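Peer 1: Listed below, chain by chain, are the residues.
There are 2 protein chains.
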Amino acid sequence: MLKVPNHQVAGHQAGDGKLGPLVDDSGRFYKPLQGNKRGSNELAFYTSFSSNTRIPDHIRRFFPNFYGTQLVEASDGSGLQPHLVLQDLNFRRVKPSIMDIKIGSRTWAPQASEDYIHKCLKKDRETSSLPLGFRLSGFQIYQNRELGFWKPERTSFQSLPADEVKLLLRKLVSSNAYANLDSKPDCSFASIVYGGSTGILSQLLELKAWFEDQTIYHFYSSSVLIMYEKEFASNGKSPRAEIKLIDFAHVYEGQGVIDHNFLGGLCSLIKFISEILTIPDGCTTEASSKDIEKNQIYFENGTT
Amino acid sequence: MLKVPNHQVAGHQAGDGKLGPLVDDSGRFYKPLQGNKRGSNELAFYTSFSSNTRIPDHIRRFFPNFYGTQLVEASDGSGLQPHLVLQDLNFRRVKPSIMDIKIGSRTWAPQASEDYIHKCLKKDRETSSLPLGFRLSGFQIYQNRELGFWKPERTSFQSLPADEVKLLLRKLVSSNAYANLDSKPDCSFASIVYGGSTGILSQLLELKAWFEDQTIYHFYSSSVLIMYEKEFASNGKSPRAEIKLIDFAHVYEGQGVIDHNFLGGLCSLIKFISEILTIPDGCTTEASSKDIEKNQIYFENGTT
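Residue numbers (the working numbering), protein chains in the order written: chain U, 29 to 332; chain R, 29 to 332.
None of these hints come from the bench; they were simulated from the model. Some hints could be false.
Unchecked claim - Computed cross-link-like contacts, DMTMM-like style, restricted to lysine to aspartate or glutamate with a CA-CA straight-line distance of at most 20 Å:
| # | chain 1 | residue 1 | chain 2 | residue 2 |
| --- | --- | --- | --- | --- |
| 1 | R | Lys299 | R | Glu234 |
| 2 | R | Lys299 | U | Glu154 |
| 3 | U | Lys179 | U | Glu259 |
| 4 | R | Lys147 | U | Asp143 |
| 5 | R | Lys65 | R | Glu281 |
| 6 | U | Lys151 | R | Asp143 |
| 7 | R | Lys150 | U | Asp143 |
| 8 | R | Lys236 | U | Asp191 |
| 9 | U | Lys236 | R | Glu303 |
| 10 | U | Lys236 | R | Glu240 |
| 11 | R | Lys236 | U | Asp104 |
| 12 | U | Lys31 | U | Asp104 |
| 13 | R | Lys299 | R | Glu259 |
Note that the structure is a prediction, hence the values are computed from the model and not measured.
Put together the whole structure using the sequences plus the hints.
Peer 2: So, in C-alpha cells, the structure goes:
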C-alpha cells in the first residue's frame, strides 16, 4: 500500500487528488515519471549514474538508490502510471529536520530553450540564487513535542538575504529554533550535526572535492538535502546527519568541463556552514562582524 | 617619456590617436581613468584594496601594485588626463608569452543595470564564458626568433569549445606552438611553467583557497593573466611564470558571501591546467579520452 510521504519539504506534493510522489512501507519512494522531457531526462540520469563505474562509492552514497521504474496507481486517481522507484530518504527517520537547498546561481543549462532560460533567469534573480549561489527550496525544523515542526511557506524564504539564511542554518541546529525570526538560536547541535569527521560539513567537503574533478555531469536545479534527527541529538545519540543530492530533471553531460556553476554554489553553502562552526560564539557575533566589514569597505559601487 | 606598451593582449589599446594605457621606463603602467562609473569604481577598488589590512601578502602579490592617480598626457592627444598609476606587469620581461583569461560564467553583478546585464549575458552566452566558466580575452605566444609572437584576433578565440581551449593552453607551454591549430603541441615547458611548487597551478590554487574564504569583494569581468618567458625556459632558467589579476571596473562588495561565480570559473581553469600535468602523454590522448567519455554517457538531454 502506497501513501503520501510524511516529510516532503519541496516539489509537487500528492494529496487532494494531485499528482505527487508516494512511499511504501519498505523504504521506497515512487516519483511520478511525467511524460515530458523532464521525466525522461531524470530517468536517463538515474540509468546512466547507477551503471557508471567511474562514480566512487563515497560519492554514490550521496545519491538516492535507484530501483528502476514501475507502474503504480497515481496519487491523482489517473490510474496506473509509470513512476521512478527510488530510495525513501526519510524511511525510519524520527521527526527529521530537513533543509532542501537548490544549488547554483544559475538553474538553467546553456543549451536549454529560450523560454525556459528566460523563466529560470527571472526566478534566479528574484530569489537568493543569484546573490548567494543557492536558494532554500523547502525546510522543516523539528522544534519539540509541544510545537512539532516549523514548516513555513516556500515564498517566505526563497529570497532571503545572506544574514537571514545564515540565521536559518543556525536555527536548524538549535534547541530553541522557534518560528519567531527574532529569537536568538543557541546552535547547541551545531558541532554534532555540522561538525566532526562524519558531520554535514565533512560530507559537503567530500562532495566538493568530487565536483572539482568530475566532468561527467552538470547538475542544474538539483538540490542538496540536509537531514538530521534532533531527538537523537538531544539524547546524546548520533543525530544521523546526512546530505543527499536530489532532483535530476535538468542534468546534462559535462563535455569535459567541471560543473563550475554547482561547485561555486556548493562552496558558498560550505562557507555559510563553516562560519557557524568557526566564528567564536557564532550565534551572537553577527552584528559586530558586519560592522567591522562595513568600516573596512568604503568603495562605491556604481550602476555600470 | 611615456610610450605604448609592447605586450598588451586585451583591452583598449593606445596608438593611432586612440585612448589607451601607457608605460614609462621605470616600471609603471598608466591606465586612463575614464569619466564614467567604470573608472571611478576601479579607482575605488584599488584604493580599498591597497589599504585593506585583511588581504594576506601571498594574495596581494597576485594584484598589480597601485601608485595612486596622476595627470599625464593622454595617448589620444586630448591633453592632460587622470590615469591610474599601476605596476607595469611586463616591465623587464623578455618576449613574454601571455594569456588573458576573463574569469566567471557571468560577467555581470546582480545589482548592475538592466541594459548592462542584457549586453553581458548575450556575450557570455555567445562566448566560452557560459559553458567553460571563463573565456580567453587575449593572448600572445612567443614561438621563436624567426616567427616571433603568435597573436591572433580576439574574435577567433573568444568562443572556442573546451577542446580547443585545452589545446591553446597546451600550445602556450610548447616549443612547437605554431599558429596552425592542427599541429600537435609538445608541452615541453608544461612541468616547468604550470607545475612545481611555484608554478602557475600552485599559484592558482593559492588564489582559489582565498576565494573559498573571502567575502570582501566580488570580481565581475576581471581577468587572470598567465605570463612566462619561453627563452628562459628553453635555457633551463626560471621561466618567471606568474599569475596576476587585472581589470577591476566591476568589483562589488561581497556582503558576507563568497564570490561563487569567480571561484567556479577559477576551478574550471584549474581543472584544464591540471589535466595537462596529470594526464599521461597529455598532448596526444585527447581523442581517446573523449571516446571513453562518449561511450560511458548515453543519456539524452532534452530542450527543457
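Peer 1: Next step is simple, just say for each hint if it's right about the structure.
Peer 2: Okay, the hints, checked on the actual structure:
no.: 1; hint: R:Lys299 with R:Glu234; verdict: holds, 14 Å
no.: 2; hint: R:Lys299 with U:Glu154; verdict: violated, 32 Å
no.: 3; hint: U:Lys179 with U:Glu259; verdict: holds, 17 Å
no.: 4; hint: R:Lys147 with U:Asp143; verdict: holds, 18 Å
no.: 5; hint: R:Lys65 with R:Glu281; verdict: holds, 15 Å
no.: 6; hint: U:Lys151 with R:Asp143; verdict: holds, 18 Å
no.: 7; hint: R:Lys150 with U:Asp143; verdict: holds, 15 Å
no.: 8; hint: R:Lys236 with U:Asp191; verdict: violated, 24 Å
no.: 9; hint: U:Lys236 with R:Glu303; verdict: holds, 18 Å
no.: 10; hint: U:Lys236 with R:Glu240; verdict: holds, 11 Å
no.: 11; hint: R:Lys236 with U:Asp104; verdict: violated, 49 Å
no.: 12; hint: U:Lys31 with U:Asp104; verdict: holds, 12 Å
no.: 13; hint: R:Lys299 with R:Glu259; verdict: violated, 27 Å
Checked against the numbered hints listed earlier, the structure breaks hints 2, 8, 11, 13; every other hint is satisfied.
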